[in-house]
Amino acid sequence: MGLIAELKRRLFRWQSDGSAPLRLTQRRIFVLPTRAGLLFFVALVAMLTGAINYNLALGHALVFLLAGLGLVGMVHAFRNLHGMVITPGRCQPVFSGDHALFPLQFSSDRAMPRLALQLQAGADQPTVTTAVAAQGLAEISVPVTTSRRGWLELPRTRLFTTYPLGLFVAWSYLQPAMRCLVYPRPRASPLPPLQSAPRAGEQHGEDGQEDFSGFRARQPADSPRHVAWKASARDGGQRPLLVKLFAGGAQRELQLNWSLTPDTMTVDTRIEIIAGWVMAAEAEDACYGLRLPGREIPPGSGDAHRHRCLEALALYPE
Amino acid sequence: MSIRPTDALERGATPWLFAAALATTLPHFEHQPLWLSALTTVLFAWGAWLWWRDERLPGRWPLALLVAIACGGVLFEFRTLFGRDAGVAMLVVFMAMKLLELRSRRDATVVVMLGYFLLLTHYFYSQSIPTGLWLLAAMTLVTAALVRLHGGAASTPAATLRYAGLLMLQAVPFMLVLFLLFPRVSGPLWGLPQDAHNGRTGLSDQMAPGNIANLALSGEIAFRARFTQPPPARDRLYWRGPVLEMFDGKIWRQQAARPRPPQIEALSPPVAYESTLEPHQQRWLLALDAPGTLPVDLALENTLTATARLPINQRQRFSLTAILDYRFNPDEEQAVLKRNLTLPPEINPRSRALAESWRREESSPERLVQKALTLFSGSGFSYTLQPPVLGENPVDDFLFVTQRGFCEHYSSAFVALMRAAGVPARVVTGYQGGETNPVDGFVVVRQSDAHAWAEVWLAGRGWVRVDPTAAVSPTRVESGIAAAMPDGEPLPALIQVRANWLRTLQFRWEAINNAWNQYVLGYNPQRQREFLSRLGLNDPDWRNMAAALGIICGLMLLAVTGWALYRRPHLDPAARLWQKALRRLARRQVNCAPWETPLALVRRLEDERPDLAPAVMEVADAYLQARYGDQPDQLKILRAAVARLP
Numbered sequence: 009m010g011l012i013a014e015l016k017r018r019l020f021r022w023q024s025d026g027s028a029p030l031r032l033t034q035r036r037i038f039v040l041p042t043r044a045g046l047l048f049f050v051a052l053v054a055m056l057t058g059a060i061n062y063n064l065a066l067g068h069a070l071v072f073l074l075a076g077l078g079l080v081g082m083v084h085a086f087r088n089l090h091g092m093v094i095t096p097g098r099c100q101p102v103f104s105g106d107h108a109l110f111p112l113q114f115s116s117d118r119a120m121p122r123l124a125l126q127l128q129a130g131a132d133q134p135t136v137t138t139a140v141a142a143q144g145l146a147e148i149s150v151p152v153t154t155s156r157r158g159w160l161e162l163p164r165t166r167l168f169t170t171y172p173l174g175l176f177v178a179w180s181y182l183q184p185a186m187r188c189l190v191y192p193r194p195r196a197s198p199l200p201p202l203q204s205a206p207r208a209g210e211q212h213g214e215d216g217q218e219d220f221s222g223f224r225a226r227q228p229a230d231s232p233r234h235v236a237w238k239a240s241a242r243d244g245g246q247r248p249l250l251v252k253l254f255a256g257g258a259q260r261e262l263q264l265n266w267s268l269t270p271d272t273m274t275v276d277t278r279i280e281i282i283a284g285w286v287m288a289a290e291a292e293d294a295c296y297g298l299r300l301p302g303r304e305i306p307p308g309s310g311d312a313h314r315h316r317c318l319e320a321l322a323l324y325p326e
Numbered sequence: 164m165s166i167r168p169t170d171a172l173e174r175g176a177t178p179w180l181f182a183a184a185l186a187t188t189l190p191h192f193e194h195q196p197l198w199l200s201a202l203t204t205v206l207f208a209w210g211a212w213l214w215w216r217d218e219r220l221p222g223r224w225p226l227a228l229l230v231a232i233a234c235g236g237v238l239f240e241f242r243t244l245f246g247r248d249a250g251v252a253m254l255v256v257f258m259a260m261k262l263l264e265l266r267s268r269r270d271a272t273v274v275v276m277l278g279y280f281l282l283l284t285h286y287f288y289s290q291s292i293p294t295g296l297w298l299l300a301a302m303t304l305v306t307a308a309l310v311r312l313h314g315g316a317a318s319t320p321a322a323t324l325r326y327a328g329l330l331m332l333q334a335v336p337f338m339l340v341l342f343l344l345f346p347r348v349s350g351p352l353w354g355l356p357q358d359a360h361n362g363r364t365g366l367s368d369q370m371a372p373g374n375i376a377n378l379a380l381s382g383e384i385a386f387r388a389r390f391t392q393p394p395p396a397r398d399r400l401y402w403r404g405p406v407l408e409m410f411d412g413k414i415w416r417q418q419a420a421r422p423r424p425p426q427i428e429a430l431s432p433p434v435a436y437e438s439t440l441e442p443h444q445q446r447w448l449l450a451l452d453a454p455g456t457l458p459v460d461l462a463l464e465n466t467l468t469a470t471a472r473l474p475i476n477q478r479q480r481f482s483l484t485a486i487l488d489y490r491f492n493p494d495e496e497q498a499v500l501k502r503n504l505t506l507p508p509e510i511n512p513r514s515r516a517l518a519e520s521w522r523r524e525e526s527s528p529e530r531l532v533q534k535a536l537t538l539f540s541g542s543g544f545s546y547t548l549q550p551p552v553l554g555e556n557p558v559d560d561f562l563f564v565t566q567r568g569f570c571e572h573y574s575s576a577f578v579a580l581m582r583a584a585g586v587p588a589r590v591v592t593g594y595q596g597g598e599t600n601p602v603d604g605f606v607v608v609r610q611s612d613a614h615a616w617a618e619v620w621l622a623g624r625g626w627v628r629v630d631p632t633a634a635v636s637p638t639r640v641e642s643g644i645a646a647a648m649p650d651g652e653p654l655p656a657l658i659q660v661r662a663n664w665l666r667t668l669q670f671r672w673e674a675i676n677n678a679w680n681q682y683v684l685g686y687n688p689q690r691q692r693e694f695l696s697r698l699g700l701n702d703p704d705w706r707n708m709a710a711a712l713g714i715i716c717g718l719m720l721l722a723v724t725g726w727a728l729y730r731r732p733h734l735d736p737a738a739r740l741w742q743k744a745l746r747r748l749a750r751r752q753v754n755c756a757p758w759e760t761p762l763a764l765v766r767r768l769e770d771e772r773p774d775l776a777p778a779v780m781e782v783a784d785a786y787l788q789a790r791y792g793d794q795p796d797q798l799k800i801l802r803a804a805v806a807r808l809p
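Line by line, the protein sequences give chains C and G.
End of the first sequence sits at 326 in our numbering; the numbers just go up one at a time, nothing left out.
End of the second sequence sits at 809 in our numbering; the numbers just go up one at a time, nothing left out.
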C-alpha cells in the first residue's frame, strides 16, 4: 500500500509548489475504456461474427471502420485534455455544510474547443462540467462538501472527459495546493444580554457609537464604516448615502464570550453557538467583540470584522 | 457550468438520436412487412410528439405490452423470432421502442449501438456501391449523434457533423489495413437460417413454354467471364446449364445425375477463363461448352453440366477452361439413347406423323436434322417474346397453328420431331452469347441471354449441338436478343439501349460495379493470400498476419496521436515577421536579447550599428503599428520593411 501511495504521489503530484499553472502533458493523462466502450467492443465482435457468417464483405468493412473509429476516439479523448493549462484561483470561505468551491482557470491554445470536461474531487463529491472555447478561457469551481470547520485542502481532483465518443475516458489527477477556510456552522440561539461595561481603549472616543439614534446624510469626512448601507439601499440608491447616528453616553457593546456558553457542551457546539451570535450581531448591525480562551478580538462590525471573528472560531483548536 | 446530478439525457440531444434511428431503420422499410413499417412509423411519431410537447415518456407497462404485440406480430409473420429477416424486424422494433424510453445517457448509448448494428443488417439485402455510400453517410450521422450526446449543448450542429466527419476520416486508414490484412475466414461459421438467401432469378431445372421468355425480360447480370486470350466469337459462346431429357408433352425435366463420367475428345486447344457467377441458388455452373479440366471442388455430370457441391448462394469465382471443338460421348450408353428417344404417347399426334413421314423418306440422321431446320427457316415461323398460348398438344399447336415462339418453343419442337424420327435428342438450357464490356474486357452475360437449344446423338460423332433458333433467327446467335427482336417487343430498357453515350455510360457503370464485386466484395481468403504473396508474404499463417496487423495499426495509432500532440505554435503574423527580421539581423552579428523591446533594440543599434539603425527603425515602427495599431494594411508595410533589411 505504501508503495502504491508513494507511486501515486509521484505520478499525480502538481508541479513545484502547487500554485503555478500546470500544463497537462501526455505523462499525466490516462485513458481507459468506459462501460459503453466495452459494450461497443462486444457489439463489434458480434457484428464481425455476423459478417463472417453471412460472408458480407461490406459488413467486414463496416466493423473495421467502427474499430478504427473506436481507436481514433481514444486518441481524441486524450487530445481533449492534452495541452490544457490549469491555473488555481483563490477560494472564498464557506460555512461548514455548504460546498467549498475551489476555482480553477482552464485555458486552451487549441483551434478546437474542448467540450465536456468534468471535475470531481473524490468519489462521493459532486461532478461539475465545463467547456473551454477554442483559444479561450474557462473558470470552473470544484465543489467539495464540508463537514467540519478549519482549513480544507482540495482533495486529489479527477479531471476527466469522455468526449467525443464516450467509448474511452481520459483523465488526469490534479492536486494544486489550494485550501479553503470553513467557518463553523452558525447555530441559532438568543444573543447574550448587552453589557454596559466601560470600553477600554480610545479608538472609539467619546462621540458614542453604541446607541443607535437615527440617520443623517453622509459627509465626506464620515468613515465608511458608519454608512448605513442597508438603509441607503432601500430607496434604490437614489438618495445620498446615510450614516448612522449614535447617541453618546455609556458605551454598550456585545461581548461574545466563550464563558457565556454552557461548558457542558462540546467545544464544537460552543463554537457553533458563538458563530450563530456573530451572525446575529452582524445582522443587527451591532458592535461586538469576541473573547475566546487565548484569543481576544476587540469589538467592531463589518465584513472584515466578521471574517476575523469567524476565522478565529474556525481555527479554534478542538 | 453546472452541477449535474445524474447523467440525465439532455433535451437537445434527442433529435440527433431520432435522426440516427431514422437513418438506420428507414431503408429496411423497403423489404419488411407493411404492418411493421407502420408500427415503427407510429412509434417514431409518438416519441417525436412526446419530445415536442416535453411530456412524460410512457411507463413500463405500456412498453411491455408493445413489446409483446411486436414479438407476436414478428412470430406470426416469420414463424420465428430468430433467423435473418425476423432478427432484423426485431432490431427495428427495439430501436423504435428505445426512442420511447430515452431518459438517461445510457439509453441514448443503447440507441447508438443499435444504430451501428442495424447498419450491418442492410448488407444482408444489398452490398452495392450506392448502399455502401448511403450507409457511410448514415454512420456519420450516428457518430454525430454520439458526439452530440457527449459534447452537450456546446456542440453546435455544424461543428458536431464536422467532428464526426473528421473522426470517420481518421478511421478510414484503419479500415483499409484491417480489411486487407485481417485474417479472413470463409463462412459460414454455422448453419445459415432458411431465409439467408432468397428471391434470386435464373434458370430453373425444368422448362415449360414461356419460362425462358420471361427470363429474357430481365436485364440482370447472370455471370461475368474474363478470358485470358481474346474471347471467342459470340456465336460460339454456349454456356451450358441443366440438360433436360424427360418430356411429358409440355414440360421438359432433368434426369437424375448418373455416375458415369463423360468422355470428351478435344479437337482444339483449351481456352482458359474465369467466371464470376451471381448467386442463383442452384448447383450448376454455366460453364462454356465443353468444360475442360475443373477445379477439385467441382464435378462434371454425364450430361456435361458442371456442378458445385452446394447451391451457389453468393457471388462466386471459378477458374475454368473450355474446349470449343469437341467430340462428346461417341459411345453413349444404350439406356441413355433409349431415354432420349422417348415421347409421351397420344400427345402431339400431328408432329409425330410428320416426323414419321420424314423417316420414311430419309434414313441418315444428319439429313433428318437438316429437314427440321429447313422447316423452321422456311416461311411462316417467326421469333417473338410474346408467343400465343398453346393448347393441349403444344408441339402440334406451335408447328402447325401459331408458328410464333421463343427459343424454348423451337428447341422443344425440334427435339420432339427428332425423337419421333428416331434420332436421340435432348434439350439443353443455358445462356448464349454475352457482351464484352470495352471498359474492363469482361464478357457480361445477362438473364436476357438465357437460351435453350438441342443436342442430337449421331453415331460416330456423339452428341452434337443443334440450335433451331439459329435457323429461324440467325441474328439471335450472332448479335444477341436485342438485335434479333423486331421493334415493339417488350425488352428490358437496359439491353435495348442503342444511344451511344448511354451505352458507354452503362458499360462504365457496370465495369465499376464489376471491379467492386471482384476486388471489394470478392475479397476472400484466396484473394487475400494472392494479395499477401504479391507483397512478398508467401503463405503467411494467421500469427504473422496478426503481428503485421498489430504493428501497422500501432504505427497508424502513433501517427494519429502525433497529430493530437502537435501544437501548432500560433504566432501573430506580425510577430512572425518580426522573428524573421531578428533572424536576418542575427546573420549580421546583431542579437536581440529576449527582454529587449523593439524600440530598445533600435536605441542600442543607434549607438552600436548606426549603419543598420534606420532600416531596423523602419521595421520596428511597422511592427509596432501592425501589432498594436488599428490600420489594416500595416502587415504589408511591415513585410516590405523586413524585405528591405540589408
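Hints listed in this document are in silico derivations from the structure and should not be mistaken for laboratory results.
Ideal Cβ positions, reconstructed from N, Cα and C, are used throughout, including at glycine.
Certain hints may be false.
[Claimed, not checked] Label pairs and their in silico Cβ distance ranges:
#	chain 1	residue 1	chain 2	residue 2	range
1	C	Arg-43	G	Trp-672	37 to 47 angstroms
2	C	Glu-292	G	Leu-226	38 to 48 angstroms
3	C	Leu-46	G	Leu-700	26 to 36 angstroms
4	G	Val-348	C	Arg-43	21 to 31 angstroms
[Claimed, not checked] Below, a sample of chain G positions facing chain C; criterion: calculated Cβ distance under 7 angstroms:
#	residue
5	Thr-272
6	Met-276
7	Leu-282
8	Leu-330
9	Phe-342
10	Ser-482
Status of each hint after checking the structure:
At roughly 46 angstroms, the beta carbons of Arg-43/C and Trp-672/G sit within the given window of 37 to 47 angstroms. For Glu-292/C and Leu-226/G, the Cβ-Cβ distance of about 59 angstroms falls outside the hinted range of 38 to 48 angstroms, so the restraint is violated. Between Leu-46/C and Leu-700/G the C-beta distance comes to about 33 angstroms, which sits within the given range of 26 to 36 angstroms. A hinted range of 21 to 31 angstroms holds for the C-beta pair Val-348/G and Arg-43/C, which are about 29 angstroms apart.
The closest approach between the C-beta of Thr-272/G and any C-beta of chain C is roughly 5 angstroms, which is under the 7 angstroms cut-off, so the hint is satisfied. A least Cβ separation of about 5 angstroms between Met-276/G and chain C falls short of the 7 angstroms threshold, and the interface hint therefore holds. Among the interface hints, the one on Leu-282/G holds; its C-beta lies about 6 angstroms from the nearest C-beta in chain C, closer than the 7 angstroms criterion. Here the hint on Leu-330/G is kept, as its CB sits about 5 angstroms from the closest CB of chain C, short of 7 angstroms.
The beta carbon of Phe-342/G is positioned within 7 angstroms of a beta carbon in chain C (closest approach about 5 angstroms), and the interface hint is therefore held. For Ser-482/G, the shortest C-beta to C-beta distance to chain C is roughly 19 angstroms, which exceeds 7 angstroms, and the interface hint is violated.
Figure legend: structure checked against the earlier numbered hints; hints not met, in rising order: 2, 10.
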